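Residue numbers (our numbering), protein chains in the order written: chain A, 1 to 318; chain B, 1001 to 1296.
Careful: at least some of the hints might be erroneous.
DEER-style ranges, computed between Cβ atoms [to be verified]: (1) A:Gly66 <-> B:Pro1243: 52 to 60 Å; (2) B:Arg1206 <-> A:Asn70: 43 to 51 Å; (3) A:Phe113 <-> B:Arg1293: 26 to 34 Å; (4) B:Arg1194 <-> A:His48: 41 to 49 Å; (5) A:Leu220 <-> B:Arg1206: 51 to 59 Å; (6) B:Ile1054 <-> A:His83: 49 to 57 Å; (7) B:Leu1049 <-> A:Leu38: 42 to 50 Å.
Calculated directly from the structure, the hints in this document are not laboratory data. Remember, it's a predicted structure, so these values are computed and weren't measured experimentally. Every residue, glycine too, gets a C-beta built ideally from N, C-alpha and C.
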Amino acid sequence: MRYVIQRLITTIPVLFFLSIMVFSFIHLIPGNPAEILLGQDATPQAVHALDAQMGLNRPLLMQYLGWLSNLLRGNLGTSLVDHESVSQLILQRLPVTVELAVGTMVVAILIAFPLGIAAAVMRGRVSEFVAMFAATIGISVPPFWLGILFLLLFTVKFHLVTNSLYVPIWQSPLKNLECMLLPCIATGIREAAVLLRMLRSSLTDALGEDFVRTAWAKGLRGSAVTLRHALPNALVPVLTASGLQIAGLLGGLVITEQVFSLPGFGQLLVQSVFSRDYTTVQGTALVAALIVIIVNLLIDLMYSRIDPRIRTDGGMEA
Amino acid sequence: MSLVPEPHLSPVEQTSAPARNLPPRRLRLANPSLVIGSILVFFILGVTLLAPYISPYGPNQVNYSAVLQAPSAHHWFGTDQLGRDQLARILFGARTSMEVSVGSLVVGAGIGVPVGLIAGYYRGFLDTWIIMRIIDAIQAFPFLILALVLAAMLGPGSRNAMIAIGIGLVPTFARTARAQMLQELGKDYIDAARVAGCTHARIIFRHILPNALTPIIVQATLAMASSIVAEASLEYLGLGVQPPTASWGSMLQSAQGYLQLAPWLVVFPGLALVLSVVSFNLLGDGIQRWLNRKIS
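Given the sequences, and given the hints that come with them, work out the whole structure.
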């Protein structure tokens, strides 16, 4: 319990600094954002009106407090382009990104687990070198390039994927699978490579532990020792590290959505960047960061439930 | 406590039959990642520096009579929609990529290392509640999203891309520098420097920093790989250097419109990108492995 409270307390300053950073984004724009938005031909009256709409004519501290108070009520502001609530826009796009993220992790797990286990069990053999070389290549291939190659191969050359327009899963599961499969594999390969390296290293350590030796001494089969005894223990550090992967995954999804024209959260961010919809940019960046913080917090708390050593260690980690 | 004399050997290895597929002894003894990574990085840096001398054409040399040509003896990697030689653009694209990535590292390490060293040196409230929590807040942003938002706010261009990517690298450098500082603090030479009357700044930057540099260099090598991908991603989205400057990301972006007519346009810039990322990843892994072996 002490660990949980400490972990929650350390999140408060992080959220505070995060809010300051997101609020400051709009002030990084060289010049007056209202003038940039309206263009060179804008009249001073129009600039003044937009300044007032965006709240930029108030003192900085008042602007921040106003923004924070709206934020705490779940109001991320109004889009400067669509004139819709930013929270609504994000909620409309988020399911596509969540589906993509889940699909990506499924692909990653399906690739990483067999290869990671094989690499750990067959240490020093050619198969380990092959798995680890594949992981190095997998980590180094940008998902967006892989996505373009997939489009070239499966859509343009072999015409295996005929529908690349997004169809929600509840409208047609098959069509949804057709348009989501390539993006999930394109992003999943990189995540699989990261997971494979972590799993191999963690499982190699677990296989050297005393309890594994006991399992061997009991006369268990190799597969039982690896899968029933070593693997569950090896998964604990992998779980924590995969929390850190969430941030990288979300970043990768932004560009994958762009390559495959998926109407997700990332595409909303990119569109609002180009239409200079600063409030939507602020809102999407904030939501992305909050997702990362919440996922990491949940994983940390889950980790403390799974591994009692974390609870008893106490102390605050910087 | 382990009962086995060789704790690094797992029972799997001890009980299994001698491995028949072992790689040659020389390969096992050497550090292949370090060797291959160094060679590739030298090759890429050589290409970057010599691009104007080895390039067969200018990167922006338009030739309307040779539009979208497939790879041939005249144009090894083909030509694009304006008849520009792809090999020339890839060679000059390497310059853009290295320039922005090195610039980002300078920004990331320039801010992250002093911040991490100061946090580790002073510890207490400043470290636990302010500096490390700011680092956590920066780290909460997905790297590419932060770079994208900063590049959008600051405007396109290579200088702003460097700043945008560099800020995302600050947490990595700050955490590494802080960890090194904590490791070094308890050592005798720090006490000796204090007794000799050195100022805090002198102790941090003249005495501790040189001893903490090696892991920071490893991080820089690995961060170089992420910077290259982030730079290409920003270029792909149109937020990096502006046309007609050659860059791998913008080449891929424009090539996507010609998948049917000129598929080679997406292959070669992508391969160049992968080669450079693999090189820096291998080099980083190699240095890390070499260090671990040295320590153990």
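Okay, the hints, checked on the actual structure:
no.	hint	result
1	A:Gly66 <-> B:Pro1243: 52 to 60 Å	violated (40 Å)
2	B:Arg1206 <-> A:Asn70: 43 to 51 Å	holds (49 Å)
3	A:Phe113 <-> B:Arg1293: 26 to 34 Å	holds (29 Å)
4	B:Arg1194 <-> A:His48: 41 to 49 Å	violated (59 Å)
5	A:Leu220 <-> B:Arg1206: 51 to 59 Å	holds (57 Å)
6	B:Ile1054 <-> A:His83: 49 to 57 Å	holds (54 Å)
7	B:Leu1049 <-> A:Leu38: 42 to 50 Å	holds (45 Å)
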